[in-house]
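**Student:** As a plain string of letters, each chain reads:
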Amino acid sequence: MSLPPFQHLVDAHWRDVARLAHALAGPLDGDDVAQQAWTQALAAYPGLTSSRNLRGWLLTITHRCAMDVHRSRARRAVPHDDPASLSRAPTVAPVETDVDPALWARVAALPDRQREAVVLRYVADLDHRAIATALGTSPTMSRRLVSDALASLRLTLEDPS
Amino acid sequence: MTHPLSAFAPAVTPPRLPASDVSYVVEDSPVGRLLLAVTADGALVTSVYAADARAEDVALQKVADAVSPRVLRHPAALDEARRQLAAYLDGRTRTMTHRLDLSLAGAFQRDVLTTLVAGVGYGQRTTYGDLAEAASHPGASRAVGSALGRNPLCLFVPCHRVVPAGGGLGGYAGGPGAKAYLLDLEARAATR
Numbered sequence: 001m002s003l004p005p006f007q008h009l010v011d012a013h014w015r016d017v018a019r020l021a022h023a024l025a026g027p028l029d030g031d032d033v034a035q036q037a038w039t040q041a042l043a044a045y046p047g048l049t050s051s052r053n054l055r056g057w058l059l060t061i062t063h064r065c066a067m068d069v070h071r072s073r074a075r076r077a078v079p080h081d082d083p084a085s086l087s088r089a090p091t092v093a094p095v096e097t098d099v100d101p102a103l104w105a106r107v108a109a110l111p112d113r114q115r116e117a118v119v120l121r122y123v124a125d126l127d128h129r130a131i132a133t134a135l136g137t138s139p140t141m142s143r144r145l146v147s148d149a150l151a152s153l154r155l156t157l158e159d160p161s
Numbered sequence: 001m002t003h004p005l006s007a008f009a010p011a012v013t014p015p016r017l018p019a020s021d022v023s024y025v026v027e028d029s030p031v032g033r034l035l036l037a038v039t040a041d042g043a044l045v046t047s048v049y050a051a052d053a054r055a056e057d058v059a060l061q062k063v064a065d066a067v068s069p070r071v072l073r074h075p076a077a078l079d080e081a082r083r084q085l086a087a088y089l090d091g092r093t094r095t096m097t098h099r100l101d102l103s104l105a106g107a108f109q110r111d112v113l114t115t116l117v118a119g120v121g122y123g124q125r126t127t128y129g130d131l132a133e134a135a136s137h138p139g140a141s142r143a144v145g146s147a148l149g150r151n152p153l154c155l156f157v158p159c160h161r162v163v164p165a166g167g168g169l170g171g172y173a174g175g176p177g178a179k180a181y182l183l184d185l186e187a188r189a190a191t192r
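Taken in order, these protein sequences are the chains called A and B.
Counted the way the numbering used here counts, the first sequence spans residues 1 to 161.
Counted the way the numbering used here counts, the second sequence spans residues 1 to 192.
I should point out that these hints are in silico values taken from the structure, not numbers from a laboratory.
Heads up, the beta-carbon is just placed ideally off N, CA and C, and yes, glycines get one too.
One or more hints might be untrue.
Derived Cβ-Cβ restraints for the label pairs, each shown as a range [as the list claims (entries may be wrong)]: (1) A/Gly136 x B/Ala9: 20 to 30 Å; (2) A/Ser147 x B/Thr13: 45 to 55 Å; (3) A/Pro46 x B/Gly106: 17 to 27 Å; (4) A/Arg113 x B/Asp41: 42 to 52 Å; (5) A/Pro46 x B/Arg110: 23 to 33 Å; (6) A/Arg73 x B/Ala11: 14 to 24 Å; (7) B/Asp41 x A/Thr140: 46 to 56 Å; (8) A/Thr137 x B/Arg110: 48 to 58 Å; (9) A/Thr137 x B/Asp41: 40 to 50 Å; (10) B/Ala9 x A/Ser51: 27 to 37 Å.
Selected chain B positions facing chain A (Cβ under 8 Å, derived; list incomplete) [claimed, not checked]: (11) His3; (12) Pro4; (13) Pro10; (14) Val12; (15) Leu17; (16) Val67; (17) Ser68; (18) Val71; (19) Leu72; (20) Ala76; (21) Gln124; (22) Thr127.
Isolated chain A (complex conformation) (with noise of 0.2 Å):
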């Protein structure tokens, strides 16, 4: 099994992994995901038994890392005199982006599975049977919950794939 070396990776995808990380655990914790999907993509390197679609295999461990943040956070909740203030909290809010803020604001407020393929889509480019594996789901499935978010987000753009 011959890999490239990881480097080549890094150089490739290393703003796609941000970008992904940024727009699935926001801006405080994007980094913190980005830096660990690639601390355990080197680990796991070695063991991969396929070198087709390494971004695709990237970007589901960002997008797994991003997840366990999410859990993480959400285990250390403390009760809050507001608990509507900290909704949505750890998603979403990008620093610097050319995406018009009422759309990301409306993106962090879907339903999570509707998020996390609207994002995987859009954000990342991953097509449906890449989405679907990143989410544990059917590409069948990955479609519609794709195609509800772009309802409630109201777009008209049509999905391409």
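The hints should help you fit chain B onto chain A, whose structure is shown.
**Tutor:** For chain B alone, coordinates are given in the frame of chain A:
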């Protein structure tokens, strides 16, 4: 088609990863652009001419296949190798003592390279035929030439000191100019 969400561009920096199984650096030298790589325990495993990105990719893939695919650009891990190389290329030192790893050399090639390191010192020259004999492979001068041509540890294993018996400089991975430069450097420094 571009989607509004695909324009998302947070301010981000590349990941900071610790040195792993193989660390490398690419740098310019008076004899050409070189790729140097060390293993996790600090032994030099690659020192080859990499004139362009293509040559660099080929050399890195060899290390990834032979040692580990966990190959990262980590210049600090090569500080000692670069220091020794700079001193050598300046004529300030005659011996490079860096620990070497011959993982990228085949069995025959190891015979040839270790015989060369042990037997042909600074400022000396030998021929392909003589080196074949010294390595207990008499008559194998062509095979020796080919083994030297694929030397994974150029400069540290001084294959530039091997020349054709019939005169001239013979081939060299870094080109004839680099070979002439090194032989001239050693000849001048040796007479000082």
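**Student:** So, against the hints stated earlier in the document, which numbers end up violated here?
**Tutor:** 2, 16, 20, 21, 22
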